[in-house]
Structure formats: structure tokens, C-alpha cells
Amino acid sequence: MTKAAVGMWTITWRRFRRSRLAVIALVYVGFVALLAIAAPMIANSSKSLIPFGPNDVDAANRLHPPDAQHRFGTDELGRDVLARMIHGARVSLTVGILATAMALVVGSFLGAMAGYYGGAVDWLVSRLIEVVLCFPLLFLALAIVAFFGPSVWTIMIALGLTTWTSEARFVRGEFLRIREMEFAYAARASGARDARIIFRHLLPNALAPVLVSASFGVAYAILTESALSFLGLGVPLPTATWGSILASAKQFIEYAWWLVVFPGVAIFLTVAAFNIIGDRFRDALDPRSE
Amino acid sequence: MLTYVVRRLLYGVLTFFGITIAIFVLVHSVPGDPITFYVGTHGAQSLSRAVLEEIRHEHHLDESLFRQYVWWLRGIVTLDFGNSFIDHRLVTERIAEKMPNTIILNGIAFLVAALLGVPIGLWSAARSGQPVERASAVTTFLLYSLPSFWVALLLMQFFSVRMNFLPLFGMTSDDYLDLNAAMKLVDRAKHLVLPVVTLAYAQLAIFARFSKSALTEVIRQDYIVTARAKGATSGAVLWHHAFRNALIPLITLLGLTLPYLISGSVIVEQIFQWDGIGRLYFDSILTRDYPTVLGLSVATAVATLIASLVADLLYAAADPRIRLETR
Numbered sequence: 329m330t331k332a333a334v335g336m337w338t339i340t341w342r343r344f345r346r347s348r349l350a351v352i353a354l355v356y357v358g359f360v361a362l363l364a365i366a367a368p369m370i371a372n373s374s375k376s377l378i379p380f381g382p383n384d385v386d387a388a389n390r391l392h393p394p395d396a397q398h399r400f401g402t403d404e405l406g407r408d409v410l411a412r413m414i415h416g417a418r419v420s421l422t423v424g425i426l427a428t429a430m431a432l433v434v435g436s437f438l439g440a441m442a443g444y445y446g447g448a449v450d451w452l453v454s455r456l457i458e459v460v461l462c463f464p465l466l467f468l469a470l471a472i473v474a475f476f477g478p479s480v481w482t483i484m485i486a487l488g489l490t491t492w493t494s495e496a497r498f499v500r501g502e503f504l505r506i507r508e509m510e511f512a513y514a515a516r517a518s519g520a521r522d523a524r525i526i527f528r529h530l531l532p533n534a535l536a537p538v539l540v541s542a543s544f545g546v547a548y549a550i551l552t553e554s555a556l557s558f559l560g561l562g563v564p565l566p567t568a569t570w571g572s573i574l575a576s577a578k579q580f581i582e583y584a585w586w587l588v589v590f591p592g593v594a595i596f597l598t599v600a601a602f603n604i605i606g607d608r609f610r611d612a613l614d615p616r617s618e
Numbered sequence: 016m017l018t019y020v021v022r023r024l025l026y027g028v029l030t031f032f033g034i035t036i037a038i039f040v041l042v043h044s045v046p047g048d049p050i051t052f053y054v055g056t057h058g059a060q061s062l063s064r065a066v067l068e069e070i071r072h073e074h075h076l077d078e079s080l081f082r083q084y085v086w087w088l089r090g091i092v093t094l095d096f097g098n099s100f101i102d103h104r105l106v107t108e109r110i111a112e113k114m115p116n117t118i119i120l121n122g123i124a125f126l127v128a129a130l131l132g133v134p135i136g137l138w139s140a141a142r143s144g145q146p147v148e149r150a151s152a153v154t155t156f157l158l159y160s161l162p163s164f165w166v167a168l169l170l171m172q173f174f175s176v177r178m179n180f181l182p183l184f185g186m187t188s189d190d191y192l193d194l195n196a197a198m199k200l201v202d203r204a205k206h207l208v209l210p211v212v213t214l215a216y217a218q219l220a221i222f223a224r225f226s227k228s229a230l231t232e233v234i235r236q237d238y239i240v241t242a243r244a245k246g247a248t249s250g251a252v253l254w255h256h257a258f259r260n261a262l263i264p265l266i267t268l269l270g271l272t273l274p275y276l277i278s279g280s281v282i283v284e285q286i287f288q289w290d291g292i293g294r295l296y297f298d299s300i301l302t303r304d305y306p307t308v309l310g311l312s313v314a315t316a317v318a319t320l321i322a323s324l325v326a327d328l329l330y331a332a333a334d335p336r337i338r339l340e341t342r
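Just so you know, the protein sequences line up as chains A and V, in that order.
Mapping of the first sequence onto the working numbering: residues 329 to 618, in sequence order.
Mapping of the second sequence onto the working numbering: residues 16 to 342, in sequence order.
Bound conformation, chain A alone (with noise of 0.2 Å):
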């Protein structure tokens, strides 16, 4: 009898799916994924199912308390907590998907041509690294950000081009090891071009380690994304951030405890997933580690 052939992403999934944890987090990521996506849809107006809009001005009821109509209480202009937070995640989200993506190709495609030609390609690419590792992130962010005015963009490209580094670092160390395995002779053998190597038999294979630095690179976005709307130069006002309803709860500490405590949790909760996400895919992926 023949067993059906398991391919790696399967025994990875399967490994995966037995911590608890992690399905938790996968869960509940999706869960804040649909909330962001049907915003306009769950919180806009009386009608809907929180029946505010993020920028919905309730004059009678500013900083007010937790109650059955505001579930999370109102901000100092008297808008509905619950549903700022609601749009605040598709900002959260938006952001932290693509500063992510933004690092993943550029890292990807830099770790990739270290990798592949070594020797001065290499060694130029690694001095890069090695002084964009010299800026303090934030730094670098801020300034971007403020002088490039800010916008989910300037804060992407910002993200984007201060954390490309440890996905290129482990897609070079990725490459260097594939690149003397057999299928990769045979594809240069069988007369294939630097490009096509690359990019349709390396990279495909090197994949694995740069997701989980790409879900640790996430959870660091949306930190990252806070603090600089935390810090009054996010995403500008109107748009509801999470960053930015405690900084107006920072005014307000004295008295409003639901500014800040929901918001925080919700950050914390959605970075925390996107890190127990990665550390587990990473265990999930290592042989090791059976």
C-alpha cells in the first residue's frame, strides 16, 4: 500500500493546528480582519449594527462612562469608542499588511541577489544592511512620516524601508543553502536563466522562513503604526486609529478609563496574535522540533 504523498505546507498546517494557541490566534486575527473589512457595514449609522459612525458627534454625551447604548463609552467630542475602534482596525490592518509587504519585496528581492551571486553583490548588500541596522527605526519613521506629511503611504514606505532587513537577511541565508541543492543544478543544467532560477525555483523554496519574519513584521507595523499616531503623526484626524484615541485619552486620564484601556487591549491583543502566529509557524516548519 502506498501512502498519498503530504506536502510540506500540509505537515506544517498540521503541526501548526495542534497548538492552541495559535489556532486562537489565527481566529481571532480573522475575526478583527471582518470587522475591519465590513466597517462601513457594522458601524455608520442608526441603522447599523453599532448605530454610530466613527465620526458620529453625540454633544450631550462627551467622555461618557460605558453604558448600554455607548458599549465602549465616547471620546472627548463625544463619539462612540466602539466604532472608532471598529475603523481603526482597517487602518491597523491596512498599514501593517502593506509596510509588510513593501519589506517582503524589497528584502526578498536584495536577500535574493546576496544569496544567489555572493561575492560583491553580497558584500554590498550586506554593508545596507548593516547601516540601515545603525538608525533607531523610530527615528527614521518620524522623520519620514513628518516630512513627507503623513498618510497610510509616507507611513508603508516609512515601515517598509526601515524593516526590509531581517527578511532580506533570511532570504539570503535561505538562498545560500538551496542554491547548491540538486534542483537548482538541474535548472541551470537544463539552460535556464539567472531570472527564471530565482525566481520560480529559489524563491518558491525559500518562502517558508520569510512568512514567519513577515508575521513578526506585522505585529512590529501595527506597533509601529500606533505609536507614530499615538505620537499625533499617524494616519491624520479625522480617520479613527487606534494610536489615536489614546492619545486623546492621555489628555483625559484623570477620569476616562475606557480610552485607555480598550484601545490598548486591542492593540495588544492583534500584535500578540501576529507574533504567537509566526513563533508557532516558525516550530510548525522546524524539523526539530518534532
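Just to be clear, a hint being listed does not mean it is correct.
As the list claims (entries may be wrong) - Computed spacing ranges between beta-carbons, pair by pair:
(1) L29/V x I339/A: 40 to 46 Å
(2) K578/A x T93/V: 37 to 43 Å
(3) W254/V x A514/A: 33 to 39 Å
(4) M369/A x K199/V: 54 to 60 Å
Keep in mind that the hints were calculated from the coordinates and are not lab data.
A virtual CB, placed ideally from N, CA and C, is assigned to each residue, including glycine.
Here the structure of chain A is known, so what remains is to put chain V in place on it, guided by the hints.
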């Protein structure tokens, strides 16, 4: 060893040029006339054309990009970052004035994180596979995911607002000057507690994870197995053979944590109104005080470069395998 030192130093010099080029390129890709970097946005609009041309000439802005870079580099090497737009004092003087406050805050946070994080990491690695190890792994992970500005707000809310036990922000109380020497010290210490905790907890998690994986790596080595086979007790093996070797990779954290510390300072100093370089940087960004922003960017990047150089050399001194391996 000498070859290694020379090569590492040469790379350091190259990285320095890389840093300056990166900043120069970044500055020159900011939209708008570069003259605003010398006279501010307001100056560029209010000054007469002739005056602007004169300033342009004085700062070599009428020359080629390459020559501009060379002039700028000359300024950096001679530690001349120009004068601040805000109070027209030398940028170096402003940085030097705020630096001690940041060093005190970060130094204490670093020590707290290292002195707690490293033993926790080593301890949980020694208990590999036990529930204690799993629990500490998850805890460090969660600590690492906590946004520092949120932790700061929670600490302020609990210890300052609710318990009225520690000051909300600032470096000293309003009546600081009237206090006697002992009370001055107590007052300063009280103001340090919350910022230090905010800075230290995430680093603590990093130290714990790093030292844990370092010890786990060492325990797998053959000489540990040999020591066990000779009949040494597991405590003796850990103490005499494993710990000391596991501590060596921690040296690299010296260079790696500095930029992380400085990033953290921006947030913490802003929240607690701590008068250090993180806050100076943030204020300069908001007021578009370009000379101060550039000066601080160069200064922090070069500080990190020096820290990682020192870390690499120390590492090579402690572990001969590093300096023998050619890169």
C-alpha cells in the same frame, strides 16, 4: 586578531559613509527647496531673493550635489551641525545638554532589564521542556507585544492617578529646589520609576529570549554531553560549562539594543515629559528644526555604529572562532 580588527574598523568607516549618504539622500528627496533646511520654511518665504541667494552660496547650495555632500560631510566630521532654528544655539551644545538625562534613564532601564532578563532566560532554558519553560516563553512573548505607550498610560493611571503614589510626569517636583539633599534624591528616584519600568519590560523580554536560546544552543554541544558522561551533576555542568559560554553571544546585544533603546526613548520621554534627546528629537521634528534633526540622526546612528563595533571586537576577543572565520 589584528587582521580582524583592521577589517572590522575598515567596514566601520564604510558604514559611516553609508550612514551619511543615506541621510543626505533622504534630506534631498524631501519635497521643496533645500534652502528651507537653512532658513526654515518661514525664512524661505519672507527673505528677499538676494539674501536667499547669498545664503544659498554660503551653504554651497549653488554647487553640484556631490560637492554639497562633501561640504556637509566636512561639517559632520568637525562636529559642526550648525545652529538650531529655534533658539539659534549650536546643535552640538543642545544635544550635549540633553544627553545625560537620556543616558541616566536608559542606563538604569538597561541594567534592570539585563539583571532580570538574563537570569530568567538562563533559568527557563535550564528547565527546558517543563511547564515553567513554556509559561515563561509565552510571558516574554506577550511582554514583547505590549505597546509601550499603553503600558505608560496604564502605569500612570494606576500609580499616579488612582494611588497617588508616584508623580505623573517630569523629572523633578515643583518644589525640588527647596528640598534637602536626601529628599532631592528620593524625588528624582520617584520620577524615574515609571519611565524605567516602561522602557525596561520589553527589553527584559528580549534579554530573556536571547539568553534562553543562547543557553539552549550551548546545552546541545558535545562538550556538555561529555561533562555529563563524566558524571558531573547537572548543576555543576550548567554552572561550570554552560553558563559562561552562553553569556558570550549576549555581547552582541550591546550593539543591537542601542537603536532600540533610542527609539523607545522618543515615546517614553514624550509621555513622561523627560527632558532628553528623544524628546528633543520629537520636538525638532514637529518644529521642522532641520539642523537639530540631522545632528541627532547622525549622532545616534554613529553611536550605534560605535557600539556594534565595540561589541564585535569584544565578541571576537571572547570567542576565537569568530575572528578566524572569514566573511
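Return holds or violated for the Cβ distance of L29/V and I339/A against the range 40 to 46 Å.
For I339/A against L29/V, whose Cβ atoms are near 44 Å apart, the range 40 to 46 Å holds.
Verdict for W254/V, A514/A (Cβ pair) under range 33 to 39 Å:
violated, 51 Å
Could you say whether the range 54 to 60 Å given as a hint is met by the Cβ separation of M369/A and K199/V?
holds, 59 Å
Confirm or reject the claim that K578/A and T93/V have a C-beta distance inside 37 to 43 Å.
holds, 41 Å
Hint violations for this structure: number 3 only, all remaining hints satisfied.
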